[in-house]
Structure formats: C-alpha cells, structure tokens
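Starting from the structure of chain A, add chain B where the hints point.
Chains as they are written, first to last, in this note's numbering: chain A, 212 to 571; chain B, 212 to 571.
I should point out that these hints are in silico values taken from the structure, not numbers from a laboratory.
Worth double-checking, as some hints may not be accurate.
[Said to hold, decoys possible] Below, computed lysine to aspartate or glutamate pairings styled on DMTMM-like, alpha-carbon distance capped at 20 Å:
1) Lys429(B) - Asp440(B)
2) Lys429(A) - Asp461(B)
3) Lys429(B) - Asp461(A)
4) Lys429(B) - Glu441(B)
Each chain is listed here by its residues.
Protein chains: 2
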Amino acid sequence: MAFSDEQSISREELALAARNHGMPLEALRYDITPTGLHYLLIHYDIPVVDSAAWRLELDGSVERPLLLSLDELMARPAVTQPVTMECAGNGRARLSPRPISQPWLLEAVGTGQWTGTPLAPLLEEAGVGGDAIDVAFTGLDRGVEGGVEQDYVRGLAVDEARRPDVLLAYALNGQPLPPQHGYPLRLLLPGWYGMAQVKWLRRITVLDEPFTGYQNVKAYRYRRTPDDDEGTPVTRMACRALMAPPGIPDFLSRRRHLNVGPCTIVGKAWSGWAPIERVEVSVDGGRNWQAADLDQAVGPAAWRPWTYSWSSVEPGDYEVCCRARDAAGNVQPDAPDWNVGGYAVNAVQRVAVTVAADHS
Amino acid sequence: MAFSDEQSISREELALAARNHGMPLEALRYDITPTGLHYLLIHYDIPVVDSAAWRLELDGSVERPLLLSLDELMARPAVTQPVTMECAGNGRARLSPRPISQPWLLEAVGTGQWTGTPLAPLLEEAGVGGDAIDVAFTGLDRGVEGGVEQDYVRGLAVDEARRPDVLLAYALNGQPLPPQHGYPLRLLLPGWYGMAQVKWLRRITVLDEPFTGYQNVKAYRYRRTPDDDEGTPVTRMACRALMAPPGIPDFLSRRRHLNVGPCTIVGKAWSGWAPIERVEVSVDGGRNWQAADLDQAVGPAAWRPWTYSWSSVEPGDYEVCCRARDAAGNVQPDAPDWNVGGYAVNAVQRVAVTVAADHS
Numbered sequence: 212m213a214f215s216d217e218q219s220i221s222r223e224e225l226a227l228a229a230r231n232h233g234m235p236l237e238a239l240r241y242d243i244t245p246t247g248l249h250y251l252l253i254h255y256d257i258p259v260v261d262s263a264a265w266r267l268e269l270d271g272s273v274e275r276p277l278l279l280s281l282d283e284l285m286a287r288p289a290v291t292q293p294v295t296m297e298c299a300g301n302g303r304a305r306l307s308p309r310p311i312s313q314p315w316l317l318e319a320v321g322t323g324q325w326t327g328t329p330l331a332p333l334l335e336e337a338g339v340g341g342d343a344i345d346v347a348f349t350g351l352d353r354g355v356e357g358g359v360e361q362d363y364v365r366g367l368a369v370d371e372a373r374r375p376d377v378l379l380a381y382a383l384n385g386q387p388l389p390p391q392h393g394y395p396l397r398l399l400l401p402g403w404y405g406m407a408q409v410k411w412l413r414r415i416t417v418l419d420e421p422f423t424g425y426q427n428v429k430a431y432r433y434r435r436t437p438d439d440d441e442g443t444p445v446t447r448m449a450c451r452a453l454m455a456p457p458g459i460p461d462f463l464s465r466r467r468h469l470n471v472g473p474c475t476i477v478g479k480a481w482s483g484w485a486p487i488e489r490v491e492v493s494v495d496g497g498r499n500w501q502a503a504d505l506d507q508a509v510g511p512a513a514w515r516p517w518t519y520s521w522s523s524v525e526p527g528d529y530e531v532c533c534r535a536r537d538a539a540g541n542v543q544p545d546a547p548d549w550n551v552g553g554y555a556v557n558a559v560q561r562v563a564v565t566v567a568a569d570h571s
Numbered sequence: 212m213a214f215s216d217e218q219s220i221s222r223e224e225l226a227l228a229a230r231n232h233g234m235p236l237e238a239l240r241y242d243i244t245p246t247g248l249h250y251l252l253i254h255y256d257i258p259v260v261d262s263a264a265w266r267l268e269l270d271g272s273v274e275r276p277l278l279l280s281l282d283e284l285m286a287r288p289a290v291t292q293p294v295t296m297e298c299a300g301n302g303r304a305r306l307s308p309r310p311i312s313q314p315w316l317l318e319a320v321g322t323g324q325w326t327g328t329p330l331a332p333l334l335e336e337a338g339v340g341g342d343a344i345d346v347a348f349t350g351l352d353r354g355v356e357g358g359v360e361q362d363y364v365r366g367l368a369v370d371e372a373r374r375p376d377v378l379l380a381y382a383l384n385g386q387p388l389p390p391q392h393g394y395p396l397r398l399l400l401p402g403w404y405g406m407a408q409v410k411w412l413r414r415i416t417v418l419d420e421p422f423t424g425y426q427n428v429k430a431y432r433y434r435r436t437p438d439d440d441e442g443t444p445v446t447r448m449a450c451r452a453l454m455a456p457p458g459i460p461d462f463l464s465r466r467r468h469l470n471v472g473p474c475t476i477v478g479k480a481w482s483g484w485a486p487i488e489r490v491e492v493s494v495d496g497g498r499n500w501q502a503a504d505l506d507q508a509v510g511p512a513a514w515r516p517w518t519y520s521w522s523s524v525e526p527g528d529y530e531v532c533c534r535a536r537d538a539a540g541n542v543q544p545d546a547p548d549w550n551v552g553g554y555a556v557n558a559v560q561r562v563a564v565t566v567a568a569d570h571s
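Bound-form chain A, shown alone (with noise of 0.2 Å):
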C-alpha cells in the first residue's frame, strides 16, 4: 500500500473515482436508493455474462456437490429485504497520510431491495461435513491485485454463511441485477461491508480448512502499520450517520447555500453491529450536538431516517456535523481514525454552509 500526505489526488486515484461511482448525498432522502444511484465499487472490469449457459457451482467439502441454473435458482422460495451496503473503504479520502486506492470521501453506500434465494437451505441440500470451516465465494471478474493475477475471491465462516438472513440475489429494487451489482447472481451478507457481498458469482466452495486468499489475508485488514501488522479482518459496518446537505449547492466547491427561517435537515444512520439508537446534530461545528428525531427503518438491515429541526437559521457561515450511537454504544470520532487500508474511516460529516442575509 503506498500513502500520499498530499491533500491532493493523484492521476491513478481520479482514474478510480472516474469508474466507481458513491450515492449523491441528496439521495439519502431515499428509503430505497433509485438504480443507478446506488455506490459500486468494482475491483476488475464489469463481466458480460450469458445468463443461460451461467451456472453456479456449489462444491468442496459437501456430500452433494451442487449446480444450478438461473431458473433453478429463482424456482427455490424467495425473500426480499432492502439492505444498507456500504463499502469498507467510505471517507478513506479524509486520512491524512491517505492509502492510495479508491479515494472516497463518504458517498460509498446506498440502500437495495434486494431478492434472492436463502443461502442456508442450498448448504443443508449440499450436505456441509462437520469439518466444514469456511465457505470461499467465487465471481466471475478477474484481475490483477498486489501484483497477484487472481479471480475475487472471499471466504466466509460457515456459521455466517448459514445465517438465516444470507441470500444469493438475483434482483434488485424489483428488476433483474444490473450487470454493476452483479448479474445473474450476487452473495448478500446484511450488515457487513461491501467487499464480502461477491457479485458475479460463479462458484461457492466449503472449505475444512481456514481461507487463505487475497481479498481476506492481504486486503481488507484493520493494520496499523503497513508491514509488520497482520492485522484483524474488516467485517460489518461501522456506525455513521450522513445527512442530505441542506439548502443549494455552490457548483464546484459544493458549498452550501441556505435561506434564513426554518429549516430540517434529513439523513440517514446505520451500523452493522446494533440498531441505530441516537442521532445527534450540531451546527456548530461539533461544539454543541442535539438530538434528532429517529424514524423507523424500512427493515432490519437498512439504515435508519432521522430528521432534525434547524428551527431558526440566521445569516452566517456554519459547519452541519452529524453521528450516530448504536445500541452496542460504538460512536463515531470527530476526527478520522487511521488505519493502513483506509477501512472503516466513520468520523463526523461536516458541511459547510452559508446563510446570506438577503437569502431569504
């Protein structure tokens, strides 16, 4: 991993933020992200897949080796849940020295109403042995990571694998997958990050040995330093809360432009670990914080809406900061916590905005 201590973005960071695209924060007003609003963050290219040769195998330490069409697939029960997905590198932008690689700044998430099949029952049919330790999902997109040619790759402990609530989905917000999000079939794994939710899924192996790959060995490790830290794995998401920036933008500097009067601001908070119990707002910076207003979430795995009420906004230049507690009590810092990878980096939005006296 190389570091730049430059505010600055470098030519192969823009070439990333050119390809992968975050939420516009203005979509946080959505429940439901719209297609196409949704974050994607794609290790190697888009794969162009025929859907009526494509198989999913399901093999490795199981009595009843598996594979499945496309139509098989959707024939097995199926549940749809709108899930918030956020990628593990989210405000990885805002670290100073910063990890040269996807350089977002907090716009790496959104919320799908995802359907799929229920991963669980498939394993039962399949026949796990009791040996059976981790489970290695395989995608379709291949490339070149670290200097290493490899396939995606994650693996996943067995007992998260059989969680109830996994499913292998081939549709989002009601229509096939995009071929962005994964077509025919992607793994969905509520509550944790990105990275173990592999699109273009072609295979899923039982393992009865621990996974050792790329993508849960060399990256997506909590690391304090770069070489001599092994670190620990990059799992669900952390707490943060993001609002809507309010009032008009500034086209370039995205500066914010409010009217004098009231005015509410609305977001969105979630955490991979706990629900989502306190929302706090201040407008000043992070000096003083009040309570927002929690609305319920539209299932259990997506984000929560809060509102706040700015209930007298004067002329002036303020910094709108908001930040979530869940009920396991994670918070989010005021200022970023620095990691190698740039993982997990929840510290508090801050938005500029200006109140002009004859804005109203």
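Relative to chain A, chain B alone:
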C-alpha cells in the same frame, strides 16, 4: 475559471468526481448502456419530484400557453429511440493546464433507449409566434454557479427545438426516468452534448429575443482565453472512438494485462455532426494505424460498434489507440486541443497493455 498545472487533482475536483459518474469503459460492449452505467453530470442536486403535482408549462411568445401533466404527456404519440449522449467536458482532465471543474478522463458517455413525445407538435399546438428566436428550457434544479444563484436553464434556437427527433423523454430503457436522469421529464436533443438535454423540466418558454442565460452565455462556450474571448457556443458532440480496454486490469493502475494469442478489441464511435465512416486502431502508440471493422448502429443517433482483430499478440508492452472519422471529415487529434472550459477534448484514447511471456 481556475486552472491547474499539476497532474494531481484538487479536493474540489474529487468532490465532483465522487458524485458525478462516468461509464466504466468495459460497458462499451453494450449497444444500449444498462441503467446505472450511463454517465451522469449533475450541476446542482438531484431534485425529489412528486410527479402527481408536477406540471410542464409551455409559455412565452405563444398563442395558447399549455400546462401539461405527466399523464397528458404520456397519452400523446410516443417515440422510442437510442441516443448516444456525452458530457461536453469529457476528456477535460487530460488538458494541461487543466480547467478546474468535473475532472472527466474519457468515461462521460452512454447510450440510452429513450422514450418520449416529440416536442415539435406541442410547439405547433401552442402556436409559436413568427418572431420566435430561442426556446428556454428550465429545470427544477437550482444552485450557485460562477457566483450566480440560478435555476438550470438552457436556450436553444427555435429551429433546433422544432427538429422532428427532439423529444420530451419520460422513460429510459423501458422504465420511468430514474431521478438522476431527470424524472419525470427531460429534453432529448440527439447529436448534442449533455448540457443541452435539460433534466427535471418544468418550463419551456418561447422567446422572441436571444436567450442570454448563464449556461449559454457564460458557460459552455469554446474560448481560447479566459478574459477577452466571447467564444462560440458548444453544441454537437465531436467525433470520437473509444475501446473497451482489452485483457484484465490491475486494480489500482488500471494497466491492462493480456494473453499471448489473438485478441478482438471492441468499441464504439460517434459524432454529432455526421455518421461515422471510419475507425482506426494502432497498437504502437499511433505510429501505424489499421482500419477496424464497422457494424451497423442500432439507430441514427446511436454510436456505431466496431471491432478490430489483433491477430497475433506477442509478449511486450503496447499502447493501443483508436480514432474515428465522420462523413463530414471530422477527425480526432493526437493530442488534446486546449480551450478554456475544457470542452470537446477528443484526443485519441491510449491504453497501456502488458503481454507477459508466461501469460498464455
């Protein structure tokens, strides 16, 4: 307009790149760009629109002003047509010095299957006066740009607005317009850059004097110098060919890795001025060029598919390039042609490819 001599990208440019997204170039394999992969440039914020309350006003210098609901527009004659659309700023980030704005590399393009009702009969029905010069199209999006608070408004010569292929579009790829593409209604002006295709339309105003709004008179002009050049309007798309980068990518550098053996390179080419009549490919950085094979476009306003057979790929490092020529004689320059706003920067695409000896 500010400029940068640095290769690196400022934080303001990154904030724009994080919300406006390009089409990953592997999506050049599709004739019709899947929803969510089409490029997006949002000047201000995406408005949330209640389509039941929404109305389109058609007023100004007309005999019978119209007020139309979405249902009324959808009850009119419908046309579906594939249209290639590109951002006028596509390629801007390749300039030096670089105009500070959305830092597009090459990805700001897409082809949608758009459905809508022709504008010309509506103008006829309203009774456009004989003195009409321009038509102003106003969106629901509002922001600050160049220090001026404004709705997004573009003017268009009345004769262009009357062209039979100009649509008021309410569907993309067989679905209602996604919010980010202008729900519930947008202008569709085949052949022109995206800035003219006003999203979230709320008003069409016929003018009997020239339109002098910001987006036509200040922005979107070809100028050689920032201060004393009034410039000329940005209108139709310049001639361009792009390829889906061959082989597989390195995650970070996007350098391509290719196998020894035959390789078919695929891409698309388009011009807003005339049909594409030739595409050429070079694998040696532009010293030698060979003709690609052209296929038929899926419609008169859609990009033209092309393929190039690289018959015997040998180990080595390559720079693969492509360039198009249209029937009006327009060609692409080898190096970017500078202008103040960074518009229509259509220099040839260059893709770095490595073929390893053991990579067969």
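- Task: Check each numbered hint against the structure and report the violated ones by number, ascending.
- Result: none
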